[in-house]
Amino acid sequence: MAVAQTKQTAQDTQGLLPAADLAATDASIPEFSKEQELAALRQMLLIRRFEEKAGQMYGMGLIGGFCHLYIGQEAVVVGMKLAMRDGDQMITGYRDHGHMLACGMDPKGVMAELTGRRGGYSKGKGGSMHMFSLEKKFYGGHGIVGAQVPLGTGLAFANKYRGSDDVCLTYFGDGAANQGQVYESFNMAELWKLPVVYVIENNRYAMGTSVTRSSAQTDFSKRGVSFNIPGSQVDGMDVRAVNAAAREAIAWCRAGKGPIILEMLTYRYRGHSMSDPAKYRTKEEVDKVRTEHDPIEQVRKRLLDRKWASEDELKKIDASVRAVVNEAAEFATHDPEPDPSELYTDVYR
Amino acid sequence: MPALSPTMEKGNLAKWLKKEGDSVKSGDIIAEIETDKATMEVEAVDEGTLGKILVPEGTNDVAVNTPIAMILAEGEDAASLKGNGGVATKPKAEQPARQEKAAASAPPAEREEPAKKAETPAPAKTGTAKPPLAEIMPEPEVPEGTELITMTMREALRDAMAEEMRRDSDVFVMGEEVAEYQGAYKVTQGLLEEFGAQRVIDTPITEHGFAGVGIGAALAGLKPIVEFMTFNFAMQAMDQLINSAAKTQYMSGGQVKLSVVFRGPNGAASRVAAQHSQDYSSWYSHIPGLKVIAPSNAADAKGLLKAAIRDPNPVMFLENEILYGHSSPVPKLDDYVLPIGRARIARPGNDVTIVAWSMGMTYALKAAEELAHDNIEAEVIDLRTLKPMDNETIVESVKKTGRLVTVEEGWKQSGVGAEIAARMMEEAFDYLDAPVARVAGKDVPMPYAANLEKLALPSVAEVVEAARAVCYR
Numbered sequence: 001m002a003v004a005q006t007k008q009t010a011q012d013t014q015g016l017l018p019a020a021d022l023a024a025t026d027a028s029i030p031e032f033s034k035e036q037e038l039a040a041l042r043q044m045l046l047i048r049r050f051e052e053k054a055g056q057m058y059g060m061g062l063i064g065g066f067c068h069l070y071i072g073q074e075a076v077v078v079g080m081k082l083a084m085r086d087g088d089q090m091i092t093g094y095r096d097h098g099h100m101l102a103c104g105m106d107p108k109g110v111m112a113e114l115t116g117r118r119g120g121y122s123k124g125k126g127g128s129m130h131m132f133s134l135e136k137k138f139y140g141g142h143g144i145v146g147a148q149v150p151l152g153t154g155l156a157f158a159n160k161y162r163g164s165d166d167v168c169l170t171y172f173g174d175g176a177a178n179q180g181q182v183y184e185s186f187n188m189a190e191l192w193k194l195p196v197v198y199v200i201e202n203n204r205y206a207m208g209t210s211v212t213r214s215s216a217q218t219d220f221s222k223r224g225v226s227f228n229i230p231g232s233q234v235d236g237m238d239v240r241a242v243n244a245a246a247r248e249a250i251a252w253c254r255a256g257k258g259p260i261i262l263e264m265l266t267y268r269y270r271g272h273s274m275s276d277p278a279k280y281r282t283k284e285e286v287d288k289v290r291t292e293h294d295p296i297e298q299v300r301k302r303l304l305d306r307k308w309a310s311e312d313e314l315k316k317i318d319a320s321v322r323a324v325v326n327e328a329a330e331f332a333t334h335d336p337e338p339d340p341s342e343l344y345t346d347v348y349r
Numbered sequence: 001m002p003a004l005s006p007t008m009e010k011g012n013l014a015k016w017l018k019k020e021g022d023s024v025k026s027g028d029i030i031a032e033i034e035t036d037k038a039t040m041e042v043e044a045v046d047e048g049t050l051g052k053i054l055v056p057e058g059t060n061d062v063a064v065n066t067p068i069a070m071i072l073a074e075g076e077d078a079a080s081l082k083g084n085g086g087v088a089t090k091p092k093a094e095q096p097a098r099q100e101k102a103a104a105s106a107p108p109a110e111r112e113e114p115a116k117k118a119e120t121p122a123p124a125k126t127g128t129a130k131p132p133l134a135e136i137m138p139e140p141e142v143p144e145g146t147e148l149i150t151m152t153m154r155e156a157l158r159d160a161m162a163e164e165m166r167r168d169s170d171v172f173v174m175g176e177e178v179a180e181y182q183g184a185y186k187v188t189q190g191l192l193e194e195f196g197a198q199r200v201i202d203t204p205i206t207e208h209g210f211a212g213v214g215i216g217a218a219l220a221g222l223k224p225i226v227e228f229m230t231f232n233f234a235m236q237a238m239d240q241l242i243n244s245a246a247k248t249q250y251m252s253g254g255q256v257k258l259s260v261v262f263r264g265p266n267g268a269a270s271r272v273a274a275q276h277s278q279d280y281s282s283w284y285s286h287i288p289g290l291k292v293i294a295p296s297n298a299a300d301a302k303g304l305l306k307a308a309i310r311d312p313n314p315v316m317f318l319e320n321e322i323l324y325g326h327s328s329p330v331p332k333l334d335d336y337v338l339p340i341g342r343a344r345i346a347r348p349g350n351d352v353t354i355v356a357w358s359m360g361m362t363y364a365l366k367a368a369e370e371l372a373h374d375n376i377e378a379e380v381i382d383l384r385t386l387k388p389m390d391n392e393t394i395v396e397s398v399k400k401t402g403r404l405v406t407v408e409e410g411w412k413q414s415g416v417g418a419e420i421a422a423r424m425m426e427e428a429f430d431y432l433d434a435p436v437a438r439v440a441g442k443d444v445p446m447p448y449a450a451n452l453e454k455l456a457l458p459s460v461a462e463v464v465e466a467a468r469a470v471c472y473r
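In the order they appear, the protein sequences are chains A and B.
The numbers in the working numbering rise by one with no breaks, and the one at position 269 of the first sequence is 269.
The numbers in the working numbering rise by one with no breaks, and the one at position 284 of the second sequence is 284.
Among the hints, erroneous ones may be present.
Under the rule of at most 30 Å between Cα atoms (straight-line distance), these lysine-lysine pairs were calculated in the DSS-like manner [stated by the list, open to error]:
id	chain 1	residue 1	chain 2	residue 2
1	A	Lys34	A	Lys307
2	B	Lys19	A	Lys279
3	B	Lys366	B	Lys400
4	B	Lys37	A	Lys279
5	A	Lys160	B	Lys257
6	B	Lys442	B	Lys366
7	B	Lys52	A	Lys316
8	A	Lys316	A	Lys34
9	B	Lys25	A	Lys301
10	B	Lys52	B	Lys25
11	A	Lys279	B	Lys257
12	B	Lys52	A	Lys283
13	A	Lys283	A	Lys315
14	B	Lys18	A	Lys315
15	B	Lys18	A	Lys283
16	B	Lys412	A	Lys316
17	A	Lys193	B	Lys454
18	B	Lys15	A	Lys283
19	A	Lys136	B	Lys257
20	A	Lys315	A	Lys257
21	B	Lys257	A	Lys315
22	B	Lys15	B	Lys186
23	A	Lys288	B	Lys18
Think of the hints as simulated: they come from the structure by calculation, not from any bench.
Since the structure is predicted, the reported quantities are computational estimates derived from the model, not experimental observations.
Assemble the whole structure, with the sequences as input and the hints as a guide.
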């Protein structure tokens, strides 16, 4: 198998994530250039600040229904996106805000969809879990756990049908990984050698059920073994490790070798959705990940240590990201709701 | 006080984890709040200094959106807040929230650009718009003297697919046994030979999976024809059909186009018992976002399948195993495409209207013949498309006959016949001279024994009896 294995031997005591020092000592993780570090920082900060704002707006009643925040998992989508090229597609489940921002979708349009306004990506008809941008090759945003997996496999099928070497990145969580349709998809993807990277974002909890309570095989990178789909576990908190794995996986697919699985060991800081108090895990567990593994802090630290950026410069980046997010929030708050005539449009063409 | 859920109105401030003067970063947990259901941590969303706590810990029943503290940005100091106490934790965000409410209740006039205003119609007085009427193409002209070729429905369906695949390279067929086996019911016979394995694709037995793969391919702009060996097995794929196929165009605000046909035999075959003998007509026609077609003869099958493949929406195309072998004439035209959403008057008459589709038409037409012997002239309408349903044709017929019988193999409760009856009550009540009668499958799982199976299905005799009953003869 051609994909780098991030070694799993040095896990912390709780078995949650690779040990804090793994990233620093593991020579197999290629360094980022200054530009890459800064790009990753900016993207991850945008997602973090956007999600914090979304949480705030949810609390104020501006966002309704379900709202699943991506805070803590930013390195996964940002590291993957930095390895994609134009034409490659992305599809995910309901924890999708980070994916859309990483794809370059306008934060205003995303936030306005969260508030159910006409300027939202789905004209206010989809909400947090259902947004699309064909222009940016983002295919949703799907609310049913696991349903995006056959869909992403179908997008990859279309690439092959058309003779293109574009690759579809299909994201799902450790919870979705137990759905039957995931394995139906694995079978067809390998059988037909479809160019699909299955990115399993293992944030350790399917809503409130920990991986150990829900999964007979907790190493999700092995979930493709019976289909001959190679897989590897990646430190999903280190954007460089994610990016390195992504490059190899995408190259694998692009070369026509079929699907591949990347299990991203990651963690969500917030509850499953806004209304989840997350009492199924200890405060210490969350604190430990936040202080020792935070994906943004890792990049900040490297930038400062290498004197690639000063505290002041980083503050400026944060301020500019905040400005973008505030503008999005402002737009999403004032943009009108959809016109009543929109009730019946877009059901059929 | 943040809302933990859309239904939360108030909460208790259980505990402050930061005190006045502490510096906070976004993401820091500053307090704990609780409701009767849950306890939750409040994170700071801005960076700064906790300037003033407005709601002390232990306070119960704090209304949602009440400011609980003020965070000072760099350069601000607590003194500047005096006299302004209790205004807002996050002054910038609080204000928009109020405006939002105003925007929600009043027509959004002021922010709209003039150009945009012109193209968006004014909201209706009631606040909701009316559903648009489906645009339906006219029936194609079949010039006089057009040669009619007698063929089976199976061949007509195959020809429709082959013609559309020749016409558009984005069209392909996938399903169980569609390629090398030539179709479990031989509907895809010859397609592999002509179009190759790239476009005629055998799938594993994995309905949920390949339905999703087909929809995914449609998301990318291809036009799949997904064959279910029978619609009984499509229940495995129901989530993809309803949640992914039917709803995605709407949920994307019209951005996504899903041109995909799901086809295969539906309803009872013969002696295959309950799990292989269900009619899903009413299931799919319940769903906005799907079109549902159920033809009864070769010509309609060909013309409507071609239309379905070209339609930019997800279409459920319900065939019937028993009808596959039935032969009937099909106009020999280069491009015979029928309008979706238009019923066909299969037999004109003045005394009673019988509405049927697919297999139900065989009972309806035979019953009409028998009724004619007794001078009851039945008008038989072949619905052909179940969604969108051609109300107009049924209403016009009922205006003439004043009596209506529906025929279906599916169960009565919440069936298509129930829907038609309700529509006629709404739209043709004054014209009805008798209650609408429904002939339907009996309310039991399909039995295996030949005699019981026969009893469970509708029959010509039942249709005749129902027609007589509504005619009071």
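A quick look at each hint next to the structure:
no. : hint                : in the structure
1   : Lys34/A x Lys307/A  : holds (10 Å)
2   : Lys19/B x Lys279/A  : holds (24 Å)
3   : Lys366/B x Lys400/B : holds (21 Å)
4   : Lys37/B x Lys279/A  : holds (12 Å)
5   : Lys160/A x Lys257/B : holds (20 Å)
6   : Lys442/B x Lys366/B : holds (20 Å)
7   : Lys52/B x Lys316/A  : holds (27 Å)
8   : Lys316/A x Lys34/A  : holds (16 Å)
9   : Lys25/B x Lys301/A  : holds (17 Å)
10  : Lys52/B x Lys25/B   : holds (16 Å)
11  : Lys279/A x Lys257/B : violated (41 Å)
12  : Lys52/B x Lys283/A  : holds (26 Å)
13  : Lys283/A x Lys315/A : holds (28 Å)
14  : Lys18/B x Lys315/A  : holds (23 Å)
15  : Lys18/B x Lys283/A  : holds (16 Å)
16  : Lys412/B x Lys316/A : violated (68 Å)
17  : Lys193/A x Lys454/B : violated (48 Å)
18  : Lys15/B x Lys283/A  : holds (15 Å)
19  : Lys136/A x Lys257/B : holds (16 Å)
20  : Lys315/A x Lys257/A : violated (44 Å)
21  : Lys257/B x Lys315/A : violated (43 Å)
22  : Lys15/B x Lys186/B  : violated (71 Å)
23  : Lys288/A x Lys18/B  : holds (19 Å)
Hint compliance for this structure: hints 11, 16, 17, 20, 21 and 22 are not met, and every other hint is.
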